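Chemist: Sequence:
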Amino acid sequence: MRIEENRARGGRPRVEGATSLFYDHTSSPRYDWLLPGWVVEERTMPTGRVYRIYYDPFGRAYATKSEVILAWEQAGLHVVNP
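For the sequence shown, the numbering used here assigns the number 1138 to the initial residue and increments by one for each residue that follows.
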């Protein structure tokens, strides 16, 4: 599943005036802890508030960095100081 398909399946409605930027582990030092294939979407609301949604290579969404790390641990990866 791709990110676009995930959004179409019932995520929150888009807010008028909001912007989205996508980053991977090579895009920004802030996200160099992500594994290859994972991306983060930064949604900036008109109010200035930023929401982050993390996506795995299959397009599944995770709401927090903690959820991402938990998913990695459940997959058998050993996470050291992300």
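Hint data in this document are derived by calculation from the structure and do not stem from the laboratory. Wrong hints could be hidden among the right ones.
[Stated by the list, open to error] For lysine to any residue, the following SDA-like pairs were computed, each having C-alpha atoms within a straight-line distance of at most 25 Å:
#: 1; residue 1: 1202; residue 2: 1170
#: 2; residue 1: 1202; residue 2: 1183
#: 3; residue 1: 1202; residue 2: 1173
#: 4; residue 1: 1202; residue 2: 1189
#: 5; residue 1: 1202; residue 2: 1151
#: 6; residue 1: 1202; residue 2: 1166
These figures come from a predicted structure and were not determined experimentally.
Chemist: Does residue 1189 sit within 25 Å of residue 1202, going by the straight-line distance between their CA atoms?
Modeler: Roughly 9 Å between the alpha carbons, so the hint for residue 1202 and residue 1189 holds.
Chemist: Decide if the proposed pair is consistent with the structure: residue 1202 and residue 1170, CA atoms, cutoff 25 Å inclusive.
Modeler: holds, 10 Å
Chemist: Measure nothing beyond the straight line between the CA atoms of residue 1202 and residue 1166; if it is 25 Å or shorter, mark the hint as holding.
Modeler: holds, 15 Å
Chemist: Need the status of pair residue 1202, residue 1183: alpha-carbon distance at most 25 Å?
Modeler: OK: residue 1202 and residue 1183 at ~23 Å, within 25 Å.
Chemist: Sort out whether residue 1151 lies within 25 Å of residue 1202, counting only the CA atoms.
Modeler: Holds, at roughly 22 Å.
Chemist: Between residue 1202 and residue 1173, is the straight-line Cα distance small enough, at 25 Å or below?
Modeler: holds, 15 Å
When the structure is compared with the earlier hints, no violation turns up for any of them.
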